[in-house]
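Asks: For the sequence shown, our numbering assigns the number 1022 to the initial residue and increments by one for each residue that follows.
Each hint can be trusted.
Listed next, with one range per pair, are the computed distances between beta-carbon atoms: (1) 1150 / 1052: 14 to 22 Å; (2) 1136 / 1066: 25 to 33 Å; (3) 1053 / 1080: 13 to 21 Å; (4) 1083 / 1105: 12 to 20 Å; (5) 1105 / 1046: 12 to 20 Å; (6) 1035 / 1137: 17 to 25 Å; (7) 1133 / 1091: 37 to 45 Å.
Read the hints as simulated data drawn from the structure, not as lab findings.
Note that the structure is predicted; figures quoted are calculated from it, not measured.
For every residue, glycine included, the Cβ atom is placed at its ideal position computed from N, Cα and C.
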Amino acid sequence: MTTDRRLLLVNGPNLNMLGVREPGIYGSQTLADVERVATEAAAAHGFALRALQSNHEGVLIDAIHAARLDCAGIVINPGGLTHTSVVLRDALSAVGLPIAEVHISDVYAREEFRHHSYVHDVALVHVIGEGVGGYASAVDRLVAVIAGQTDG
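Based on the sequences and whatever the hints tell you, model everything.
Replies: Now the structure itself:
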């Protein structure tokens, strides 16, 4: 598989707890469901997808750095790091790949501290509050950006 036909899916802290953690907010689907939805969406466009979830910021940053060598774009749900991590934002900016930011819940309808995203300005695609299905939308829209069909 060539670099231009692979995407990296990054899920940040606590997303391994999907299906258990606050189902009233995040639903009953699991991280495995997220990865399946995103993989199927990528495959529909002829892309492979490499998925990573970590509760450790440095692991996420290392994966983002490595993606510049073999991926065409990154879909990321930074979890709580969305609102706190300048270094995660800097890593995304540094690799020069198109980025899709996705959040399962509508972060803008939740607590005030969730309204700010350090990732927002480096992402070309934003999918907020569409549940697990939002990952498919993020992949679809990111592939369109990669193909030059839209600006996100």
